[in-house]
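**Student:** Here's the letter readout for the chains.
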Amino acid sequence: MKSNNYNTIFLEDERVDGADKVNGKAKYTAEHNLPNLAYAVFVTSTIAKGTIKSIDTSKALAMPGVLDIIYYGNCPLVPGYISNAAERPKNVFEWRGYKVLYDNKVRFFGQPIALIVADTFENANAAIRFVKADYEVEKFETNFDKARLDPANLKGPIIYKRGTEKKFKETNFFVEAEYNIPIEVHNAMELFATIAHWETEDKVTLYDKTQGPKSTQSTVAKTFGLPDKNVRVIAENVGGGFGSGLRSWPNVPAACIAAKKLNRPVKLVLTRPQMFTLVGYRPQSWQKIGLGADAAGNFIGISHEAISNTSRYEDFREGIVDVSKFLYASENVDTKYQLLPLDLSTPIWMRGPGEATGCFALESAIDELSYKLKMDPIQLRIKNFTTVNPENKLPFSDINLKDCYAYGVEKIGWKNRPSIPGAIKENGWLIGYGMAVGVFGAGKGSASVRIVLSNDGKLLLECAVSDMGPGTMTSMSIIAADAMQMPIQKIKFKLGDSDLPPGPSQGGSGTTSTVGSAVDLACKTLQQKIKELAVQYAPAFSTTTADALEVKNEMVILKTDANTKIDISALLKLANQEKIDLIINSNGKNAEQLKYTSNSFSAHFVKLAVNAKDGTIKVLNVVTTGDAGKIISPKTARSQMLGGVVGGIGMALTEKVDIDQSTGQIINASFGAYHVPLHSQIPPTDVWFVNKPDIHMNEIGAKGIGEIALIGFAAAIANAVYNATGKRVRDLPITPEKLGFKTAKA
Amino acid sequence: MKPCNQHDGRRGFLKKSASIAALYFTPAMLVKTFAMDAIVPLPIAKEKLAITINGKLMNLEIDARTTLLNLLREDLSYTGTKKGCEMGQCGACTIHINGKRTKSCIQLALSNQNNKITTIEGLSDGLSLHPMQAAFLKNDAFQCGYCTSGQIMSAVACVREGNAKSRKSIQTYMDTNICRCGAYQNIVDAIEEVAKTGAKI
Chain E
16 MKSNNYNTIF
26 LEDERVDGAD
36 KVNGKAKYTA
46 EHNLPNLAYA
56 VFVTSTIAKG
66 TIKSIDTSKA
76 LAMPGVLDII
86 YYGNCPLVPG
96 YISNAAERPK
106 NVFEWRGYKV
116 LYDNKVRFFG
126 QPIALIVADT
136 FENANAAIRF
146 VKADYEVEKF
156 ETNFDKARLD
166 PANLKGPIIY
176 KRGTEKKFKE
186 TNFFVEAEYN
196 IPIEVHNAME
206 LFATIAHWET
216 EDKVTLYDKT
226 QGPKSTQSTV
236 AKTFGLPDKN
246 VRVIAENVGG
256 GFGSGLRSWP
266 NVPAACIAAK
276 KLNRPVKLVL
286 TRPQMFTLVG
296 YRPQSWQKIG
306 LGADAAGNFI
316 GISHEAISNT
326 SRYEDFREGI
336 VDVSKFLYAS
346 ENVDTKYQLL
356 PLDLSTPIWM
366 RGPGEATGCF
376 ALESAIDELS
386 YKLKMDPIQL
396 RIKNFTTVNP
406 ENKLPFSDIN
416 LKDCYAYGVE
426 KIGWKNRPSI
436 PGAIKENGWL
446 IGYGMAVGVF
456 GAGKGSASVR
466 IVLSNDGKLL
476 LECAVSDMGP
486 GTMTSMSIIA
496 ADAMQMPIQK
506 IKFKLGDSDL
516 PPGPSQGGSG
526 TTSTVGSAVD
536 LACKTLQQKI
546 KELAVQYAPA
556 FSTTTADALE
566 VKNEMVILKT
576 DANTKIDISA
586 LLKLANQEKI
596 DLIINSNGKN
606 AEQLKYTSNS
616 FSAHFVKLAV
626 NAKDGTIKVL
636 NVVTTGDAGK
646 IISPKTARSQ
656 MLGGVVGGIG
666 MALTEKVDID
676 QSTGQIINAS
686 FGAYHVPLHS
696 QIPPTDVWFV
706 NKPDIHMNEI
716 GAKGIGEIAL
726 IGFAAAIANA
736 VYNATGKRVR
746 DLPITPEKLG
756 FKTAKA
Chain X
4 MKPCNQHDGR
14 RGFLKKSASI
24 AALYFTPAML
34 VKTFAMDAIV
44 PLPIAKEKLA
54 ITINGKLMNL
64 EIDARTTLLN
74 LLREDLSYTG
84 TKKGCEMGQC
94 GACTIHINGK
104 RTKSCIQLAL
114 SNQNNKITTI
124 EGLSDGLSLH
134 PMQAAFLKND
144 AFQCGYCTSG
154 QIMSAVACVR
164 EGNAKSRKSI
174 QTYMDTNICR
184 CGAYQNIVDA
194 IEEVAKTGAK
204 I
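Those sequence lines, one after another, are chains E and X.
Numbered by my numbering, the letters in the first sequence go through residues 16 to 761 in order.
Numbered by my numbering, the letters in the second sequence go through residues 4 to 204 in order.
Only chain X is shown next, with the shape it has when bound in the complex (with noise of 0.2 Å):
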């Protein structure tokens, strides 16, 4: 079957759009943004969700399917925090919950309640940069650069973990974050400077 048998081009297109456009218009949603301490309205707004993001407490009312990811993208512009897969397998989502590393694709926002998340954007004070960020940037422990938050916020629970006694010790506890530009080596390199510090972190 064919879609349009009659057209004209671009106009075609243009006038047809148009008018099925208006027909779908919707009012322009509540915007999204959020406020410290303050109910957030979002569109369709199901579940009361108290959860501490960075040292702010936020009160908010989501749809009780968006993942502790979608959460932070979608919602409340945390966008540091990758998304690249949605299964739990590539660490590019990884947060810190109650200081433990967690991948948030497969958390459901609302299993949070009351807990204190700390993301990419909440690991320095945002005037300087956190010693395992540093660390990362003066190793090039990056390309892209799209897997790098998970990577450092698994890098930081790798040392505060103990687990950053050897190169081996770091890749193993490390495996959990995929890095497809391949910038590995450089990666444990900025893991080792840092836990050889001995600095808590």
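Next comes chain E alone, as it looks inside the complex (with noise of 0.2 Å):
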């Protein structure tokens, strides 16, 4: 798109750091060589929980090039492992979740026991198969279907209640079913790296897969008892992270402390297999659904239980009951939150986290009810639409979701939708339509951005921020060319180092507003001084004030008479400054912005087939709209809306960990076993944006759209595949078995 609605200017529109993705020269974590560089390699338990009685690391450590083994008997006390506070140094934080390395204890099958350090990679893999480690075993518990059923192995609950509870029962037409989620792991395709390398005694360098630079940094900081300043994380590049980069896992704290120990730089690169259970993964999840209207279809009641799997060593929890609160009106609401810890690792956030799980659940919810209801799925939910979160009362600053279901009706063919489900088949294939809806808070927090324009005429940003795909350079570099009305191919946005001004994780959808905002101000504020220099040293404005002139097209131009402008380039080399340098602040929301309540939307359609002999799942067509804002890089967007349809694609119909629940191994930890999305299975999406600039959000009007593109998917394919058989799964991933057909008569 060469300009959009809002007068954005610049002249091609592929990302600004494309070249180098294409052409190979991009360079990721495990691709930094440093000289003397040493390979790392985890060996990991056999066994789910237990304790190591000896680990023998003689021959092993006999292997040729194997320069170190480390494990519990000869890590180096690191400062952030003392659990002991008064003990702890004053700077040291205590490191979270296990600590790598560090003590006898296994807490599930795979973890790190001892980590072999090499001269090679081919040599420290070698030697993996020689560390013996002796066991006390102890009993475990990894099958949530069973653990979940005990009250007693339960966490919390979390509770929230407005109105009656259980009011859904009251009424005439109600739901109430069951909904269960497996185990999915984001498998970004970038395996987790760090290099490690200490420059002095007390200061590292790290290259590290991460989606925080300044994250990490904090963490190895607060860890290794460093001040901030002698840590620097790199992550130039982010081979995908979906969430599972939002934290420091074992790897950065095992890189750390080889380097250290054997003084020299160590490169740690985990394997696919290790990527299933070192870094995180959508939590198993059951969940339970009342939902009842009135005859009119008005909601007056829902109720939404879940229960998600922690580890035993920390609670990870998310918004999985959130979107009950709020996405529509409904006077009663109750809600119920409660963790299952099992002797697994630790899940984290997976792209649309908690609010993808809920709205599973919710939405098909209310697809099983417009059947009840006999009304339209789509009328059903404009029926309960609301301009004010019910939760905290607050109007949302905008909500478009009307559009976005008038867009997808015409394109995806709503109206050759049956209302009775299993009404058309052709060649064999039962035909059905689905649709659901997706939400995820709309954030702004504070960022700081360097902004140096030269006299050259070239503009350079910089902020710690990282970009794990969705192109935060390109957006940055757009809204940058926007403010100052100047070439995009003039500017550069540099990201990926922890030595920037600070910025955010990415993630939780809310880089572009965030550091938007800043790079927003950042061009305002470097406006403002430019104009201040025009009036002081530019002889055409002596007389002028700086609110009479404004910023564009590389110049200062009057106001009044656009004949009369000054070069920027010129007027630098006139006030003799060789650059303008400064560095900006931008905080979160405003007092205004915090009248409201904001959120991005999204509303999913599917127009899908089952085989009516086999139950083979053919997703044909897709349409997928999302409401976020005024859409910033068209192009990349776009491309994430599509992500998210193939991430959903996944969710709904082939992703699934398998456990061995009499191990507790996960045992399919490979792609060739865990069935992500390939080619073949996509289907032809639209993508559409209201683009409308939610001026009530932030100064750029932007909000994000990494999770509404999958929020909501997974039930847009449950609600066709009903629609197309009149079975209703509940249970991920939809299979053939599940639907039943193996009975079915031709």
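If you're looking for bench data, these hints aren't it; they were derived computationally from the structure.
Check before you lean on any hint, since a few could be wrong.
[Said to hold, decoys possible] DSS-like, lysine-lysine: derived pairs with alpha carbons at most 30 Å apart:
1. Lys-168/X to Lys-633/E
2. Lys-168/X to Lys-650/E
3. Lys-426/E to Lys-168/X
4. Lys-628/E to Lys-430/E
5. Lys-650/E to Lys-199/X
6. Lys-141/X to Lys-426/E
7. Lys-753/E to Lys-440/E
8. Lys-628/E to Lys-171/X
9. Lys-473/E to Lys-588/E
10. Lys-389/E to Lys-742/E
11. Lys-507/E to Lys-650/E
12. Lys-473/E to Lys-141/X
13. Lys-633/E to Lys-171/X
14. Lys-707/E to Lys-141/X
15. Lys-387/E to Lys-303/E
16. Lys-74/E to Lys-120/E
17. Lys-753/E to Lys-171/X
18. Lys-430/E to Lys-171/X
19. Lys-633/E to Lys-199/X
20. Lys-40/E to Lys-59/X
21. Lys-42/E to Lys-59/X
22. Lys-49/X to Lys-119/X
23. Lys-42/E to Lys-103/X
24. Lys-650/E to Lys-141/X
25. Lys-426/E to Lys-199/X
26. Lys-398/E to Lys-387/E
27. Lys-40/E to Lys-103/X
28. Lys-633/E to Lys-141/X
29. Lys-40/E to Lys-51/X
30. Lys-171/X to Lys-650/E
31. Lys-671/E to Lys-171/X
32. Lys-544/E to Lys-507/E
33. Lys-610/E to Lys-351/E
34. Lys-170/E to Lys-351/E
Starting from the two chains in their separate frames, assemble the complex, guided by the hints.
**Tutor:** Pasting the structure below:
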């Protein structure tokens, strides 16, 4: 797109960092080569729970090239590993999670128990099998479905109530059902990796796969008792994250410890199977939703219960039941959320996090209720549409879901949707239509941006945010080009380095709003400085004030007479300044913005076919719509929505971690056995945005889209499957077995 | 068992680790680099390998266990080829061996004696983009960029093999390459666009 409604000017719309990604030059974490680099690999536990009685490293140590094997018996004490707060130095925080290589406890199958460091990857790898551990095995529990049934196993609950509890049961039209979602794994294509290099005794540089260079810097500093400035974290390019890079995992301290102990840089790259056990996952969940309405379809009561798993050593909670509190008008809402600790590693937010889990249940339940009411499910949603958040009573800063419905209805061909399920059969395939809504909070946090205008006309912006794929460098450059009204080609946005001014971790769909607002503010501040310089140094403006001037097209122009102008480069030279160099701090929402509650919304529409003989599901068409304020970078925003659809298809139809309950081991820890969607599973997808600035949200009117791209999508599929077959599947993924097609008559 | 009973915070860590480090410190390794038509000394040089990479003939001495992928990435700094699974399942490591697309992570380097390898770095002259690279850029056929090298190497092969005649065929013959960001539709758009030009690529 060369331009949009908001007069964005940029000549090309390709990603500003795209050329390096197609020619192989973009460097990811493990690709930084350092002199004298050593290679580290984890040895992992072969039991789910217990104590290591002893580890024999002698044979492995004798292998060629092996430099050291670090385990609980010889691991140097890391300050942040000290549990007793009184004994910990003041500036040190206790490491969150299990302390890798530190003690002899095994908490889950596949936990690192030793780290082999060798001169080459081959030598490190070859030594793994020669490390022998002797265990004292303990009884473990990894079976979510079984363990959740005993209330004694559950932590919590967190309760929310407005109006009357279980009110839905008093209505004439209600549904009540249980929903199950298995463990899903982010499985970003880039393997987690850390290269640690102690430049001096108390100064370390890390190349790390992280969604937050500043957060990793702070974690490492506080774990190793260093000032923040002595820890530099570089994450120039991040090969996908989807949430898994929102905290530091064991690879970070392990690489730091090894590099320190050996006094040379150490590279630690996880394997694909370790990506299933060491870097988080979407927790397994059970939900129960009760939803009741009057005959006209007005929601009377929503009850939403959820249990999700966590590890034994950390509590991980997410917003599973939160969507039911505010997405639709209902006077009576009660929610209950509990945790189930299991002998597994700790989960973490995975794209759409808890809201994707919650929306699967809520949006399925609404669809189910619509059939009971004999009402179109979109009409039912419109009936309960609200412009005021019923939970906090604040108005939504903007909500345009009805526009999304209108677009989707037309493009998917909603009029062809049978009101009775299973009514359309074409060439042996049952055809169905489904839709669902997604919602996610739209935040704005604080960020700092350095802005440097050089007298050659080039503009440099810097912020320690990262870009795991959405195209942050591009959208920030567009915001700057827009604010400065200058060509994007002259703008460079630098990120991915903790030495840059502080920015947020890339997560929760917050980067564009937070960093974008800071970039916008930085540009406006710069323009003011330029105008002041013009008044001071340019003879043409000596009698004017800064307010009478505007900055655009790389010039300072008198508002009342466009012919009175000066080139910015010329102005800097006139002022004898090489550059203007500013650091701007942008804060979270202001008092005016806090009068509203802000969310991004999406509505997904699916047309699919189910084979009447074997239950094969083929998604035929998708229309996905986003209501996320102004769309800054149409091309990359569209790509993000396309990605959400692919992720949603995986969640709905293919992805599930399988655990062997006799050992506690994940038995499908590979791409061969854990099925992420492939090329041929992806239908033609139409992406559409409302693209209307949300003026109450932030200065740039933009909200995030990373989460809403996926939230709700699995329900759209489930609803379409029901429409096609009359079978309601509430356990993901939806497979032919669950449709019961094995016994179906042809 | 507790690893260290006595400690005094950071300095304890620093002192202890510094002394242990001294024990293990080994002389600097020979610098890993590559030179055209020259023997490259690697730390554990075991077997000789003559291999042509992006038009440059190299005579190497390598660890017999080294995969072609690790040879490229770790020893020769061709980091454009990516490691995604080491099981031949994701396609991030796709390269061309004698013109055929192959997953380099499940190839021993030594089994490529006298073979001609093309990596993403060798697809174009380095000054301009190969038509497939340009099409990927134009169609935004990637997000994080990590699977991109493999997708492009497979895409070029897909066209050359004559398997890019329809979207369905492109999808089938690109199922070898996973994109977790979900750029599939744009990838197929890019390949279709290149295939439709009919140009020899």
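**Student:** Does Lys-426/E sit within 30 Å of Lys-141/X, going by the straight-line distance between their CA atoms?
**Tutor:** holds, 25 Å
**Student:** Going straight from one Cα to the other, do Lys-387/E and Lys-303/E come out at no more than 30 Å?
**Tutor:** Since the Cα atoms of Lys-387/E and Lys-303/E sit roughly 18 Å apart, the hinted pair holds (cutoff 30 Å).
**Student:** Would you check the hint for Lys-40/E and Lys-59/X, treating anything up to 30 Å between C-alpha atoms as holding?
**Tutor:** holds, 19 Å
**Student:** When you check the alpha-carbon spacing of Lys-628/E and Lys-171/X, does it fall within 30 Å?
**Tutor:** Given that 30 Å is the threshold and the Cα spacing comes to 23 Å, the pair holds.
**Student:** Would you mind confirming whether the straight-line C-alpha gap from Lys-40/E to Lys-51/X stays at or under 30 Å?
**Tutor:** At roughly 28 Å apart (the allowed maximum being 30 Å), Lys-51/X and Lys-40/E satisfy the hint.
**Student:** Under the criterion that the straight-line Cα-Cα distance not exceed 30 Å, is the pair Lys-168/X, Lys-650/E satisfied?
**Tutor:** holds, 26 Å
**Student:** Would you mind confirming whether the straight-line C-alpha gap from Lys-633/E to Lys-141/X stays at or under 30 Å?
**Tutor:** It holds: about 29 Å lies between the C-alpha atoms, which stays within 30 Å.
**Student:** Between Lys-426/E and Lys-199/X, does the CA-CA distance stay at or below 30 Å?
**Tutor:** holds, 27 Å
**Student:** Check the hint pairing Lys-430/E with Lys-171/X against an upper bound of 30 Å on the C-alpha distance.
**Tutor:** The hint holds at about 27 Å.
**Student:** Holds or violated: Lys-398/E with Lys-387/E, Cα cutoff 30 Å?
**Tutor:** holds, 15 Å
**Student:** Mind checking the alpha carbons of Lys-628/E and Lys-430/E for me, to see if they're no more than 30 Å apart?
**Tutor:** The given pair, whose Cα atoms are some 26 Å apart, holds under the 30 Å limit.
**Student:** Sort out whether Lys-141/X lies within 30 Å of Lys-473/E, counting only the CA atoms.
**Tutor:** Distance of about 25 Å is within 30 Å: holds.
Hint compliance for this structure: every hint is met.
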